[in-house]
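Using the sequences and the hints given, assemble the complete structure.
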Amino acid sequence: MSTGLGRFCQLRGHKGAPLLAAALVLVALAFPAAVAAKPPQRIVALSPFAANTLAKLGVAPVAIGQTLGGNERFSPKPKGVAVLPLSHPNGPNLEQLAALDPDLVFSSKTWAKGNLAMKQLGIDVVLHDPTSIKGALADTFKIGEIVGRKHLARDTLQAMRGEIESASKGIAKHPKVMLILGVGRTPFTFLPNSWGGDIVTQAGGELLTGGVSSTSGFERISDEVVVAEDPDVIIAVPHANEEDIPSLTEYLRSNPAWASTRAARSGNVYISVDNSLLQAGTDIARTILRVRRAYLHN
Amino acid sequence: MARRTLVLAALLAGLLAAAIASMALGAVKIPIGHVVEILFGGGGNRTEHQIVDTLRLPRTVEAMLVGAALGVAGALLQGALGNPLASPDVIGVTPGAGFGAILIIILLPGSIALLPLAALFFGLLAATLVFLFAWSGRNRGSTGKVVLAGIAMLSLFTAGTTSLLAAFPERAPSAIFFIAGGLTSSGWENLETVWPYLLAGALVAVTLVRPLDRLALGDDVAASLGSRPRLIRLGAGVAAALLAAASAAIAGLLGFLGLVVPHVVRMAGGTSSHTFVVPASALGGAALLTAADTLARTLRAPIEMPVGPFMVILGVPLFLWLLRKAV
Chain L
1 MSTGLGRFCQ LRGHKGAPLL AAALVLVALA FPAAVAAKPP QRIVALSPFA ANTLAKLGVA
61 PVAIGQTLGG NERFSPKPKG VAVLPLSHPN GPNLEQLAAL DPDLVFSSKT WAKGNLAMKQ
121 LGIDVVLHDP TSIKGALADT FKIGEIVGRK HLARDTLQAM RGEIESASKG IAKHPKVMLI
181 LGVGRTPFTF LPNSWGGDIV TQAGGELLTG GVSSTSGFER ISDEVVVAED PDVIIAVPHA
241 NEEDIPSLTE YLRSNPAWAS TRAARSGNVY ISVDNSLLQA GTDIARTILR VRRAYLHN
Chain B
1 MARRTLVLAA LLAGLLAAAI ASMALGAVKI PIGHVVEILF GGGGNRTEHQ IVDTLRLPRT
61 VEAMLVGAAL GVAGALLQGA LGNPLASPDV IGVTPGAGFG AILIIILLPG SIALLPLAAL
121 FFGLLAATLV FLFAWSGRNR GSTGKVVLAG IAMLSLFTAG TTSLLAAFPE RAPSAIFFIA
181 GGLTSSGWEN LETVWPYLLA GALVAVTLVR PLDRLALGDD VAASLGSRPR LIRLGAGVAA
241 ALLAAASAAI AGLLGFLGLV VPHVVRMAGG TSSHTFVVPA SALGGAALLT AADTLARTLR
301 APIEMPVGPF MVILGVPLFL WLLRKAV
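Note that the protein sequences, when read in sequence, are chains L and B.
Heads up: the first sequence at position 101 corresponds to 101 in this note's numbering, and the numbers run straight through without jumps.
Heads up: the second sequence at position 178 corresponds to 178 in this note's numbering, and the numbers run straight through without jumps.
Worth flagging that the hints you see were computed from the coordinates, not collected in a lab.
Hints are supplied without guarantee of correctness; some may be wrong.
Here are the simulated SDA-like cross-link-like pairs (lysine to any residue), alpha carbons at most 20 Å apart as the crow flies [said to hold, decoys possible]: (1) L:K113 with B:L165; (2) L:K173 with L:L137; (3) L:K113 with L:A98; (4) B:K325 with B:R4; (5) L:K109 with B:R4; (6) L:K113 with B:K145; (7) B:K29 with L:T209; (8) L:K119 with L:H88; (9) L:K176 with B:T162; (10) L:K109 with B:A166; (11) L:K38 with L:D101; (12) L:K113 with B:E170; (13) L:K134 with L:I146; (14) B:K29 with L:D101; (15) L:K134 with L:A294; (16) B:K29 with B:L39; (17) L:K38 with L:K173; (18) L:K169 with L:A294; (19) L:K109 with B:L165; (20) L:K109 with B:A167; (21) B:K145 with B:T128; (22) L:K142 with L:K113; (23) L:K113 with B:T162; (24) L:K113 with B:A166; (25) B:K29 with L:H88; (26) L:K142 with L:Q41; (27) L:K38 with L:L68; (28) L:K109 with B:A172; (29) L:K109 with B:E170; (30) L:K113 with B:T47; (31) L:K109 with L:L68; (32) L:K169 with L:L137; (33) L:K113 with B:S163.
Heads up, incomplete: computed chain B residues facing chain L, CB under 10 Å, no partners named [claimed, not checked]: (34) P31; (35) L108; (36) I176; (37) N190; (38) T193; (39) R300; (40) P306.
Ideal Cβ placement from N, Cα and C applies to all residues, glycine included.
Below is the structure:
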């Protein structure tokens, strides 16, 4: 026990101990930075949002996560950073993670089981996987605080707010949009409390939900409601690649259940394969602008 | 005889009631009068026509055909293998079809239009492998070999499916409805793909009704009556594979139906004669799946849920009640 606290404990029986303790408290109150915990040095970012936020704040993680076959968007592309493949249910391979000796992991709810195991390994785990623009902005600041870049985070936040406001200006029309997740004839619909749902709403789209709400942000909605509500635009977010876009677009357009909708008849069926509507990103304004220009035409 | 007639009449009435409910109920309320008018070519607005003609009618027909096909497949297999636990799972069809569909969903999303064909192909491939192994070597074509080869294929294809899902967890949501069993509202496109297989399976099934009754007397007795037990078993397996693979291509994995429905009709009718069990299983399976699908898409409307769990909720209490009475 050679730490300061240990030495203090040894002094407990000494007459001057209460005075020393009071002095220490006064120092801590007067100069919090002097006693504050050092920002984490070895950070692992499992979610693209955390990785991108760290990049914006000028912090280099020791590793980032990447799902198998995933289309995670890293901006800018991290160079010289180890990539941890993520798979169910733990997320990263825990031995591989432990070998990196991280003092902090930015993780997500998806890897709940792994998060518990990481904590048992003595690693600090913080969850930042926002599903709304407001949440993304709040998390940007929180991450900045955690990594000791509070002021830069505040500036970044202000800039992001300004860009989002500018990207959402001058919306001329509010088309009815059905935003769907996955492939096949039984896709899930994004609800307003999902990342994609919030982006489309911010871009001026009126999200087709059939009046449904769900904590998960996604639900399988009856095709009867799709026909009755008649969306102007259908945007699909499948797990696919650029080269799959033509065949998937044709597959969706030819869905007998949706063939009569305004979206299918007017050719407003789109595929988004870059995950920008699925996972929270830091390029929020750019995503809103892309949705407006490429899909909503408003 | 009167009991069998009564059971068949009850099953037919149940099927009619389920079909009417399936056509009348949905996430969008359409007066039953309008539904009837639309079915006869008139009435209703454009949206109502679209919902009834393109969504509800094909889905109701699909539910009836898939339910009937799985019921018959189960009845054929239980009769041919003399095993009460036989179902399309046992000859590898359901897990094979599941693997084929998940392969497309997870690894080849750009070829998603091929999903029904992939399910059909892998379902039939799994059954073919089961028959090849069961009909080779010593004691070929025996019930034990068919069941053991089937369990091996079931394990193999299930392992393939779960490995794919575990490797690509973020892609799993697209596979949920197929795995849990779910009909889609996609017009007639699925039936256009698989109807020849359903028809072929049904025709073979019809020819096997009486031979299966002879097989029920035991292989030796059946052989002494001029039947060829191994050929009957193979024919029943082929018919069941065609019916179950085509069903999986349309509605995903609904193996439970093929297992339970033949038992229910056997216990209700008080006979194991296939002249009764096969058509009664067709009616019972059709009624059960149509009713369960109606529940799955209306109970939390407009949210749609997979039909598999509803079928179990409807089927298990009836099954257990009859089982208690039978014991």
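Okay, the hints, checked on the actual structure:
For the hint pairing K113 (chain L) with L165 (chain B), the CA-to-CA distance comes to about 17 Å; that is within 20 Å, so the pair holds. Note on K173 (chain L) and L137 (chain L): the hinted pairing is violated, with a Cα-Cα distance of about 26 Å set against a maximum of 20 Å. For a cut-off of 20 Å, the pair hint linking K113 (chain L) to A98 (chain L) stands: about 16 Å separates their Cα positions. Note on K325 (chain B) and R4 (chain B): the hinted pairing holds, with a Cα-Cα distance of about 17 Å set against a maximum of 20 Å.
Of the supplied pair hints, the one linking K109 (chain L) and R4 (chain B) is violated, its CA atoms being roughly 56 Å apart against a limit of 20 Å. Pair hint K113 (chain L) plus K145 (chain B) does not hold up; C-alpha atoms about 41 Å apart against a cutoff of 20 Å. At most 20 Å may separate the alpha-carbon atoms for a hinted pair to count; K29 (chain B) and T209 (chain L) meet this at roughly 17 Å. As the CA atoms of K119 (chain L) and H88 (chain L) are separated by approximately 18 Å, the hinted pair is consistent with the 20 Å bound.
Among the hinted pairs, K176 (chain L) with T162 (chain B) is inconsistent with the structure: their alpha-carbon atoms are about 38 Å apart, more than 20 Å. In summary, the hint linking K109 (chain L) to A166 (chain B) is supported, as the alpha carbons are separated by about 16 Å, within the 20 Å threshold. Restraint check: the Cα-Cα separation between K38 (chain L) and D101 (chain L) comes to about 16 Å, which is no more than 20 Å; the hinted pair holds. Simply put, K113 (chain L) and E170 (chain B) have alpha-carbon atoms about 15 Å apart, close enough for the 20 Å limit, and the pair holds.
At roughly 19 Å between alpha-carbon atoms, K134 (chain L) and I146 (chain L) fall within 20 Å of each other, so this suggested pair holds. Annotation: proposed proximity of K29 (chain B) to D101 (chain L) is violated, straight-line Cα distance about 59 Å (limit 20 Å). A threshold of 20 Å between alpha carbons decides the hint, and for K134 (chain L) with A294 (chain L) the separation of about 23 Å lies outside it, so the pair is violated. A threshold of 20 Å between alpha carbons decides the hint, and for K29 (chain B) with L39 (chain B) the separation of about 16 Å falls inside it, so the pair holds.
For a cut-off of 20 Å, the pair hint linking K38 (chain L) to K173 (chain L) is broken: about 50 Å separates their Cα positions. Proximity of K169 (chain L) to A294 (chain L) is assessed by CA-CA distance (about 16 Å); at most 20 Å being required, the pair is judged to hold. For the suggested pair K109 (chain L) and L165 (chain B), the alpha carbons sit about 18 Å apart, so the restraint of at most 20 Å is met. Under the criterion of a C-alpha separation no larger than 20 Å, the hint pairing K109 (chain L) with A167 (chain B) is consistent with the structure, at around 18 Å.
The suggested pairing of K145 (chain B) with T128 (chain B) holds, with an alpha-carbon distance near 14 Å, which does not exceed 20 Å. Restraint check for K142 (chain L) and K113 (chain L): the C-alpha separation of about 23 Å exceeds 20 Å, so the hint is violated. Distance restraint check for K113 (chain L) and T162 (chain B): the Cα-Cα separation of roughly 18 Å lies within the 20 Å cut-off, and the hinted pair is therefore satisfied. At roughly 14 Å between alpha-carbon atoms, K113 (chain L) and A166 (chain B) fall within 20 Å of each other, so this suggested pair holds.
Distance check on the hinted pair: K29 (chain B) and H88 (chain L) sit about 41 Å apart at the alpha-carbon level, beyond 20 Å; violated. Distance check on the hinted pair: K142 (chain L) and Q41 (chain L) sit about 16 Å apart at the alpha-carbon level, within 20 Å; holds. Using a Cα cut-off of 20 Å, the hinted pair K38 (chain L) and L68 (chain L) is violated, with the two alpha carbons roughly 34 Å apart. For the proposed pair K109 (chain L) and A172 (chain B), the alpha carbon gap of about 16 Å is at most 20 Å, so the pair holds.
Note on K109 (chain L) and E170 (chain B): the hinted pairing holds, with a Cα-Cα distance of about 13 Å set against a maximum of 20 Å. For the given pair, K113 (chain L) sits about 46 Å from T47 (chain B) by alpha-carbon distance, which is inconsistent with the 20 Å threshold. Restraint check for K109 (chain L) and L68 (chain L): the C-alpha separation of about 18 Å stays at or below 20 Å, so the hint holds. For the hint pairing K169 (chain L) with L137 (chain L), the CA-to-CA distance comes to about 19 Å; that is within 20 Å, so the pair holds.
For the given pair, K113 (chain L) sits about 18 Å from S163 (chain B) by alpha-carbon distance, which is consistent with the 20 Å threshold. A least Cβ separation of about 14 Å between P31 (chain B) and chain L goes past the 10 Å threshold, and the interface hint is therefore violated. For L108 (chain B), the suggested interface contact is upheld, since its CB lies about 9 Å from the closest CB of chain L, less than 10 Å. Taken as an interface hint, I176 (chain B) checks out: its beta carbon lies about 8 Å from the nearest beta carbon of chain L, inside 10 Å.
Annotation: N190 (chain B) was flagged as interfacial toward chain L, and the flag holds, the nearest CB pair being 8 Å apart, inside 10 Å. Violation of the interface hint for T193 (chain B) is found here, the shortest Cβ-Cβ separation to chain L being roughly 13 Å, above the 10 Å cut-off. For R300 (chain B), the suggested interface contact is upheld, since its CB lies about 9 Å from the closest CB of chain L, less than 10 Å. Among the interface hints, the one on P306 (chain B) holds; its C-beta lies about 9 Å from the nearest C-beta in chain L, closer than the 10 Å criterion.
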